[in-house]
Amino acid sequence: MFIIKHRIFFVSLSALFVLTGLVLVWMYGLNPGTDFKGGAIYEVEYVGARPNVDLVRSEVNKLNLGSVSVTPVGEKGVLIKTKPIDQSQKQAIALAITGYGSTTEATTTGSVVEKRFSSIGPAVGQELFKKGILAIALVMIVIILFIALAFSKVSYMVSSWKYGVVTIVALLHDIIIASGVAAYLGHFGTFEADALFLTALLTIMALSVNDTIVIFDRIRENLKSRSGRDFEETVGISMNQSFVRSINTSLTVILTLVALYLFGAESTKNFALIMAIGMFFGTYSSIFLASPLLVIWEKMGKRG
Amino acid sequence: MNTKTRFLALLLLIGGILIGYFVYVSETDSKSWAYRPFHLGLDLSGGSQLVYEADTSKIDPSQIGEAMSALREVIERRVNAFGVGEPIVQAEQVGIGANAKHRLIVELPGVTDVKKAQEMISETPSLEFKIERPDGVEKQAIVSAKKEVADYLQTISASSTSVAKLTEQLNSRFGAEKIALASEDADFVSSGFTGKYLQKSTVQFNPNSIGPSIGLSFNDEGVKLFAKITEANVNKKLAIFLDGNMISAPVIREAIRDGKAEISGQFTVTEAKTLVRNLNLGALPLPVSLASTQTIGPTLGEVAMKSGVKAGLIGLLFIALFMLFWYRLPGLVAVVSLSIYVAIVLSIFKLIPVTLTAAGIAGFILSIGIAVDANVLIFERLKEELRNGKNVQNAMTDGFARAWSSIRDSNISTILSSIILFWFGSSLIRGFGLNLAIGVIVSMFTAITVTRTLLFALGFRGESKFVRFLFSSGLTTAKNDNLK
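Here the protein sequences line up with chains A and B, keeping their order. At position 196 of the first sequence (counting the first as 1) the number is 273 in the numbering used here, and the numbers step up by one without a gap. At position 56 of the second sequence (counting the first as 1) the number is 597 in the numbering used here, and the numbers step up by one without a gap.
Hints should not be assumed to be uniformly reliable.
Said to hold, decoys possible - Once the Cα atoms are required to be at most 20 Å apart in a straight line, the calculated DMTMM-like pairs of lysine to aspartate or glutamate come out as:
(1) B:K642 / B:D601
(2) A:K153 / B:E843
(3) B:K741 / B:E669
(4) B:K656 / A:E310
(5) B:K778 / B:E669
(6) B:K891 / B:E627
(7) A:K114 / A:E204
(8) A:K208 / B:E633
(9) B:K687 / B:E725
(10) A:K239 / A:D307
(11) A:K239 / A:E375
(12) A:K301 / B:E925
(13) A:K207 / B:E633
(14) A:K207 / B:E594
(15) B:K801 / B:D761
(16) B:K847 / B:E568
(17) A:K379 / A:E309
(18) B:K847 / A:E343
(19) B:K680 / B:E718
(20) B:K656 / B:E627
(21) B:K671 / B:E725
(22) B:K851 / A:E343
(23) B:K642 / A:E204
(24) A:K239 / A:E298
(25) A:K153 / A:E191
(26) A:K160 / B:E594
(27) A:K379 / A:E310
(28) B:K737 / B:E803
(29) A:K346 / B:E812
(30) B:K657 / A:E191
(31) B:K680 / B:E725
(32) B:K656 / A:E191
(33) B:K741 / B:E679
(34) A:K301 / B:D939
(35) B:K765 / B:E803
(36) A:K208 / B:E594
(37) A:K114 / B:E594
(38) B:K657 / A:D163
(39) B:K687 / B:D726
(40) A:K114 / A:E298
I should point out that these hints are in silico values taken from the structure, not numbers from a laboratory.
Taking the hints into account, I'd like the entire structure generated from these sequences.
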């Protein structure tokens, strides 16, 4: 099998991907959404024409709310982000951004429509983040244990816990690359790492393991029936037999994600994008990383 | 065996159609007995979410649970009085042990005026009884402190603007002790008798006064305490403070032992009624502070809902085309099973009921993609067995049998992950985890049992080229394994 033969190349390529992902995260950092760092989001739509966004921004800045971002949304809307604020501060903003340009206060009220408002204290956000990290760690531990158990019958060539560890390596590979892309998009675009992003990572993890197990299952079957002269050949045969189904199972998921990205709700677009990237690399890693790693580990064990 | 399989297949198809019909009727026909529309989250229906943090530092840790459920009840009563459709009030604990935080999440669908809701929830009428402060050193000290501060304030009122600055200025000039003294009430001293001891309040019409008055009756503990206080303070004034304002200050003629009191003030009938209602709803057992608020306008939710449905339909279409193109006849059967899958999952969402959010819909759409996974595994295996020279019937039997272990293990790992998501996640992640688990479990039924029954019921046995063509898949039908 071609991939197993050139395993060093493919594992190095994956290492390069991971390194790039890490560098991107390190350089740009993830752009945390308000639900993690705390803060307020206030989206309004002007009933009439929207004034120049720069003017809106300078009006909001006059309220001394600290660092404020004002971005246009669609034709008539603006999105204002600030530190956490309360209802009266929100109303002060509403008044400020409608008061511009007119002299009487009476004409100003009611000329924007509130579309959404959320204000989240920093403590709530941090907890959400901690919980997410905890969930990720726990998923990994449970998966290693489960795979070690599921492959315990075929541990005579490679001990079963190694299948678990390799699965986790593939999983880390996938979420690091997805995070790298998120960091890049956060720096150059408007991507925000919010609770949905965390959900996307967790789902990528689940599906990445799914993919890897599909191939490992075939290795397990071939080890039981003793096809192949040695471990390397058995893995090669197994990959040959299973890579179409591996690609196809991911393809069906990616198809739905494409639909979600193109036609889904605005709020889940980024989710779909990161998921699709994660799925792609999840399949890639199950074919080009997990199995070659198993073979490398088996060979090292023999030598040592 | 074949008639049995066919009968079963017919049952499954009819069952699927009935479930699909239920999903349709329960959503559209409000008069039907089956009417049970989807439970929409705030981000789809529009509305507000308020998260309160309870201050549990002053009560015994072992009583926190009880206090929180009491708090939840009181707030729920207040929210219900607000007249919102299906409000949700949930208590939530974050962390464990001494660092645990206790929150209350209030969701108000359809309410976008958060300010009003907030007032409704957090404004408790605070009821307090105070006793006339006796003349003496203490009273004079307070009066003189008040005067000093007031005089000073007059000299600087124009120049200083911010409250924080002002407080700092006052503290540095007079010292914190004197400031505290100055903010005391010179005329009355707290009796320790508060709304806590209230059992019931009623609107009364006293013939001796104009307008309504408010009758108060106290609980057992309150009766005793009130008797004690009144006994010790005969011929002194007893002031009744509502929300920090003195309403009336009658003189105690004699000890009151029946645990009843009356507030007569300048109430209108409406005011008196509102006050009585709020007093009866009770004070919050724990102080709360607002940690976060969220409001979603109704139009934004509607757009999210519509695009979610659209994305789901198109995703389904993509998968159907792919399965038909790549797996031919089995692909068609898989699409039928997938439709049954969609019907079952949607009806489960309605029956549990699962609250649908934009993230939840995304999770469901994703699960459609995952649901055919098992079919892909089976059909690829089927194709392989055909290539190994088996006839269609045997290849089908072996294909299902041999794909099972990979389906089982990969799905168990997904279910384990979703259980952890459900356990540890915040509400958003929880919903997603639940949907994922429901999806995987249902898909194991539809992709294996349903597909298998339907496929066997079709009863293809022949070895003709046409049959083999129907069951082959992809582009690599006739070719041998040339990738090795």
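Quick rundown of the hints versus the structure:
Proximity of K642 of chain B to D601 of chain B is assessed by CA-CA distance (about 14 Å); at most 20 Å being required, the pair is judged to hold. With a C-alpha separation of about 18 Å, the suggested pair K153 of chain A and E843 of chain B falls inside the 20 Å cut-off, and the hint holds. A threshold of 20 Å between alpha carbons decides the hint, and for K741 of chain B with E669 of chain B the separation of about 15 Å falls inside it, so the pair holds. The straight-line distance between the Cα atoms of K656 of chain B and E310 of chain A is roughly 69 Å, outside the 20 Å bound, and the hint therefore fails.
Annotation: proposed proximity of K778 of chain B to E669 of chain B holds, straight-line Cα distance about 14 Å (limit 20 Å). Under the criterion of a C-alpha separation no larger than 20 Å, the hint pairing K891 of chain B with E627 of chain B is consistent with the structure, at around 15 Å. Between K114 of chain A and E204 of chain A the CA atoms are separated by roughly 10 Å; this keeps the pair inside 20 Å, and the hint holds. Proximity of K208 of chain A to E633 of chain B is assessed by CA-CA distance (about 14 Å); at most 20 Å being required, the pair is judged to hold.
Distance restraint check for K687 of chain B and E725 of chain B: the Cα-Cα separation of roughly 9 Å lies within the 20 Å cut-off, and the hinted pair is therefore satisfied. Annotation: proposed proximity of K239 of chain A to D307 of chain A holds, straight-line Cα distance about 17 Å (limit 20 Å). A threshold of 20 Å between alpha carbons decides the hint, and for K239 of chain A with E375 of chain A the separation of about 9 Å falls inside it, so the pair holds. With a C-alpha separation of about 18 Å, the suggested pair K301 of chain A and E925 of chain B falls inside the 20 Å cut-off, and the hint holds.
Between the alpha carbons of K207 of chain A and E633 of chain B the distance comes to roughly 16 Å, so the proposed pair stays at or under 20 Å and holds. Restraint check for K207 of chain A and E594 of chain B: the C-alpha separation of about 18 Å stays at or below 20 Å, so the hint holds. Taking the CA atoms of K801 of chain B and D761 of chain B, the gap is about 11 Å. The hint holds against a cut of 20 Å. Restraint check for K847 of chain B and E568 of chain B: the C-alpha separation of about 15 Å stays at or below 20 Å, so the hint holds.
For the proposed pair K379 of chain A and E309 of chain A, the alpha carbon gap of about 12 Å is at most 20 Å, so the pair holds. The hinted pair formed by K847 of chain B and E343 of chain A meets the criterion: a straight-line CA distance of about 11 Å does not exceed 20 Å. The straight-line distance between the Cα atoms of K680 of chain B and E718 of chain B is roughly 15 Å, inside the 20 Å bound, and the hint therefore holds. Distance restraint check for K656 of chain B and E627 of chain B: the Cα-Cα separation of roughly 19 Å lies within the 20 Å cut-off, and the hinted pair is therefore satisfied.
The straight-line distance between the Cα atoms of K671 of chain B and E725 of chain B is roughly 12 Å, inside the 20 Å bound, and the hint therefore holds. Annotation: proposed proximity of K851 of chain B to E343 of chain A holds, straight-line Cα distance about 13 Å (limit 20 Å). In summary, the hint linking K642 of chain B to E204 of chain A is supported, as the alpha carbons are separated by about 10 Å, within the 20 Å threshold. Simply put, K239 of chain A and E298 of chain A have alpha-carbon atoms about 17 Å apart, close enough for the 20 Å limit, and the pair holds.
Taken as a hint, the K153 of chain A and E191 of chain A pair is honoured in the structure, with Cα atoms around 12 Å apart against an allowance of 20 Å. As the CA atoms of K160 of chain A and E594 of chain B are separated by approximately 19 Å, the hinted pair is consistent with the 20 Å bound. Distance check on the hinted pair: K379 of chain A and E310 of chain A sit about 15 Å apart at the alpha-carbon level, within 20 Å; holds. The hinted pair formed by K737 of chain B and E803 of chain B meets the criterion: a straight-line CA distance of about 16 Å does not exceed 20 Å.
In summary, the hint linking K346 of chain A to E812 of chain B is not supported, as the alpha carbons are separated by about 50 Å, beyond the 20 Å threshold. At roughly 15 Å between alpha-carbon atoms, K657 of chain B and E191 of chain A fall within 20 Å of each other, so this suggested pair holds. Between K680 of chain B and E725 of chain B, the direct Cα distance comes to roughly 10 Å. Compliance with the 20 Å bound is thereby established for this hinted pair. Among the hinted pairs, K656 of chain B with E191 of chain A is consistent with the structure: their alpha-carbon atoms are about 13 Å apart, no more than 20 Å.
Between K741 of chain B and E679 of chain B the alpha-carbon distance is near 36 Å, which puts this suggested pair outside the 20 Å criterion. Between K301 of chain A and D939 of chain B, the direct Cα distance comes to roughly 17 Å. Compliance with the 20 Å bound is thereby established for this hinted pair. Taking the CA atoms of K765 of chain B and E803 of chain B, the gap is about 17 Å. The hint holds against a cut of 20 Å. A threshold of 20 Å between alpha carbons decides the hint, and for K208 of chain A with E594 of chain B the separation of about 18 Å falls inside it, so the pair holds.
A hinted pair counts as satisfied when its Cα atoms are at most 20 Å apart, and K114 of chain A with E594 of chain B qualifies at roughly 17 Å. A threshold of 20 Å between alpha carbons decides the hint, and for K657 of chain B with D163 of chain A the separation of about 13 Å falls inside it, so the pair holds. With a C-alpha separation of about 10 Å, the suggested pair K687 of chain B and D726 of chain B falls inside the 20 Å cut-off, and the hint holds. For the given pair, K114 of chain A sits about 48 Å from E298 of chain A by alpha-carbon distance, which is inconsistent with the 20 Å threshold.
This entry does not satisfy hints 4, 29, 33 and 40, going by the numbered hints stated previously.
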